[in-house]
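Chemist: Take the two lone chains, each set in its own frame, and fit them into one complex as the hints suggest.
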Amino acid sequence: MKLCLTGINHRTAPVDVRERLAFDANSLGPALADLVARPGISEGLILSTCNRVEVSVTSEDSVDPAPVIERFLAERRGVEPGWLAPYLYRYEDADAIRHLFRVASSLDSMVVGEPQILGQLKAAYAAAKAHGAVGGWMEAVLTRAFSVAKRVRTETGIGENPVSVSSTAVELARRIYGSLAERRVMVIGAGKMAELAVRHLRSAGVQRIYVTNRTLERARAMAEAFQGVIVEYDRFLDSLPEMDIVLTSSAAPFYLLRKDQMRRVIEARRRRPMFLIDIAVPRNVDPAVNELDNVFLYDIDDLGRVADANLGRRRQRAELAERIIAEEVERMVNRLKLREVAPTIISMQERLEQIRQAELARYRSRLGPLTPAQEEALEALTRGMLNKFAHGPMAELRRRAAQPEGLQTIEIIRRMFRLDD
Amino acid sequence: MHELSILWLRVAAGFYSVGMIHALLLALRRTSRLFPPALTAFGVGAILHAVSIIEQTTLTGHFPANNFFESASLCALLSALLYLFVWWRYRLRNLCMFIFPLVFLLTLIGALGSAPARWADVRVREAWLLVHVVLVLAGYAALAMTGVASIAYLIRERQIKRKEALPSSAEAPALLTLDELIGRGMTMGFVFITLGVVAGSTWASIESGARWIRDPRILISLATWALYLVMVFLRASAGWRGRKAAVMVIALAGCSAVTWAAHTGLRKLLTP
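Going down the list, the protein sequences come from chains A and B.
Each number in the working numbering corresponds to the 1-based position in the first sequence with 181 added.
Each number in the working numbering corresponds to the 1-based position in the second sequence with 6 added.
Bound conformation, chain B alone (with noise of 0.2 Å):
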């Protein structure tokens, strides 16, 4: 890609972060006061995101859907561009948990897809990839403790359902309980997650320049990202909780140990 054309872009991404921590704050602490400014950023970040689309079609004298960066560069621009519409013609705010992170990230790729960058030191690099590992730990950890009280959620959900005798130990967390639990566990592991999503791109374009996107380990860590993402989404949105949301937690936390599978092999990057 271009340089200015990159840039651009990069700044771009900067603005479309405000929707993300909008976002983040919105799914800890189900409100935000910061709609207002993390849209007109938004906006701001569309406007500089098309700018850097215009000028690399100029440069180059086509369009720039050649590879994956670009393809999601441009499928970030055309979200961002549409939710900008429901949003002009419907008002419609609670979509923007949703789109804004998925804007960001898609952006955030497109954006490392040249990776000119190099690693300043080599601590920095290890620093770095410590940041991005105990990120997704705290998330895989905030999610385990989630599927913990889905089982335990079903399993006394049943029991009331069935009605065949007190469930037994009063002890025992009520329904509402455990439902809290999933909801506050759900958004905590989400938060740390995205952002190790985050580190980690960014450490992984810098370390294997534009190849990292094809290493499968990367696309897995992705898909599980987004279904985290629709999840969140889902339970924000349209008040998905219960039984659904706790089934949805166990699917995850199943995904998400295929994707710590996938990366066991990145401990080994840690030792000297």
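Bound-form chain A, shown alone (with noise of 0.2 Å):
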């Protein structure tokens, strides 16, 4: 059985190129159909994301999988094989395990660690799974790699980090207030930027969000979004001492916020911490405010600045994640060998019962009528004698399976008892 992987992803061919790839949900079904009636195909997965298309099958040992699967994603795709090839790659057994483990680990994504992609590959295994597409060595090898995913995370932590400016923003301020159910939220300046982070600071767990901005219509249709209040703009500062969080994005070319009126507003709400994620370019709030006490101020540069310290540290933990999946890869070929001896050993295993049984019943009529007891020992005797027969073969072949000449080892056992007969 041969395992083979072939696809694009962003390091090889550019965004116009992976959506002329892409298969959308409508179109997998038909696909995978497709793909495992192809001759010589067992199984078959397909991986579309934004980032990445990958055609994954297994095969039995006579057919070269790899032109199967290009000819099929250009005639599913409507594309030229000759168009194609130079964006492709492909894995073959070991390394196609090796690629779908650090796929499912976030290895190999544009953000390493990216929690997504691991949830696409489940999304995909289930299409295959629902259009019977799955069901050998590449479901050991999916189940295996998703378990490996979940390894990777624990024991090296790659997810922990947040990488994304609005993300990160929202890590900083569990890191001031804990949970942030309680926390309440203004947003000065309701542009596409502060939208987007006011959605990850909702899907934190923010209740209260309160927003301004010198445009009425543009307030009313982020605190409709939102759920949120609308604060008239004049008078925004008189509403400051009770938030928590203040997300300021105005297009204003000045400070909206100074240090002395900083000063009045953490004085009013008794020095409770506060938190000023200033994103706008100019800046809205002047960087001395960050030298008060109890007001942590982070601009869009400081932000990122952060987000850039925690992708240096996943980078530092894809490292150990390597090491681990090396490890899992090699336990992988050689748990898929020895599902490749298993049928020998079993045919070995009846070829031996049938001969005994053959025997017993050859010899019985000279032996009489026999006690159970009799009976018994009989059978423990001849068992007895077939199974410390049948040890040194079937662990030979077993040992053999996970070395290089495995193949040749099965071949010459099934000669020696006749089992392809």
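Okay, derived cross-link-like pairs now, SDA-like style, lysine to any residue, Cα gap no bigger than 20 Å in a straight line: (1) K250(B) to G260(B); (2) K167(B) to R444(A); (3) K440(A) to R249(B); (4) K250(B) to D474(A); (5) K167(B) to L473(A); (6) K169(B) to D474(A); (7) K169(B) to G485(A); (8) K169(B) to R486(A); (9) K183(A) to Y270(A).
A few chain B positions that, by computed beta-carbon distances, are all more than 12 Å from chain A: (10) L45; (11) S85; (12) I212; (13) A267.
Keep in mind that the hints were calculated from the coordinates and are not lab data.
Ideal placement from N, C-alpha and C gives every residue a C-beta, glycine not left out.
Modeler: Rendered as structure tokens:
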């Protein structure tokens, strides 16, 4: 049995190529049916995300699956095979297993350690399973890939630190306040960036959002989108002492919040901590505000710097993850080879049992009537002899299965015991 | 001091103690409904206090400011009168948290100057000392916990202010949690140590008469308690929290360590 994986990703193909090859949810079912119907293909899996399109198959040993997949991709997506070839990569057997483990563990992602890819791979597996496209080798590899991804995440902590500006802001808020459920957030300026940050804050549990903007219409639109409350732009300073987190993204060309104003605000709220997130360019909050006790100000560059530092940490952890994956790949390859010898072992056991039964039947009439105790002794004697006789070849078979000459050993044993007759 | 004068002073201390209970409740729960009765008791205490001083002046023919105990009593009365004036003029309520315990303790010190009492039984003496030691140790335990929380607060606050990387370990307590822990630990410790100081002062005055106040260990304890009082007052009234509160707690824990070291000799008294 062979395992082959062919595809493109964000490193090998630009976005316009990835777009052309992508499978949407509706086209996935027919494509999987087509894939496993192709000659020599036993199982198939299609993983299609915005950063990668990969097709994995298991096939009979006599078939070279890579050209089959390439033809499949070209035909299904209506492109010339020659046009596609420069963007494709191909992995086989142990390399394919390694690649699948790396993808599941998010080591091959654009943002290393991002958690979405594992969910996408699980969805691809569920779709393949639903269409009957997996059920043997591939299933074993994929379920192991999910366990490996979990192990990598737990042992390396690769996904712990956020690497986007918005999620970094949310994590910082958590480091200051713990739970965000009771926090009040004021959004000054209702741009796209603010919307993204508020979306993150909402998903982190923030309930109370107050929106203010010079243009009332935009404030209203954002307030409606997040079930927030509108605060009059001219009076937002009066409401600030009640706010725990302030997100500024206004286009104002001057500081909306200065140090003296913030000193009064922090005194009015009896010095309870306040987190200011200034994602506006030019900045809306005077950087000197960060000098005040209990006020924590992060502008867009600060957030970016923290996100970059987290990315560096992730890279260090990825090295540890690679070692885990190498170990897991070796284990998986051995397990799959053992699966290959399993049918031979079963055939051998059946063959020997047939011989035992036949010989017993032949000599039973000569022995005459036996007592139950004699019957039991005879069973134990013959079975014990066979087990001892078969132990050596079976152990050798299992041992050799993990080595390159495994197939030859299987062949010799099959011939010796006439298992193919 | 004349017997009748000391009696009035002790009754005044009793009235002032209502004020201190109010202050301790306020420190613990941030709210207390005891203010009106505490203020009334404080006023009555001040009148009786004044009566005590006038009587002492009349009987001895000179103003009672000759020794530490008389000065403490006089200082307590002046503080009480000043607070009553400020309350009448400006209705400054928060100040009571500082003034009530201070006036009570100064009056108590004044009243303990004569110390005519004797121990009824050696077991009462030892039990009394045990109560003092246990209260003070409970206060120190609260302070130690607050000190650790303060160090953790300063480290985490510095990490966030420096903006270099996300503070590690999401499981560690958030800044606000640490700040609340500091606030609660501080007030718990204050209550224990105040009660411990009252118990200890009374014990010392019965044990060694009027000489106890000259003991440097007592002076260190009183100074530490005064620092504690200032800290709790600043947190409650001026909202001192965060880094300032954490630094203050660490300083106080240092002072308490000195006080602890000065008092380790007291252990000998507990063993028969």
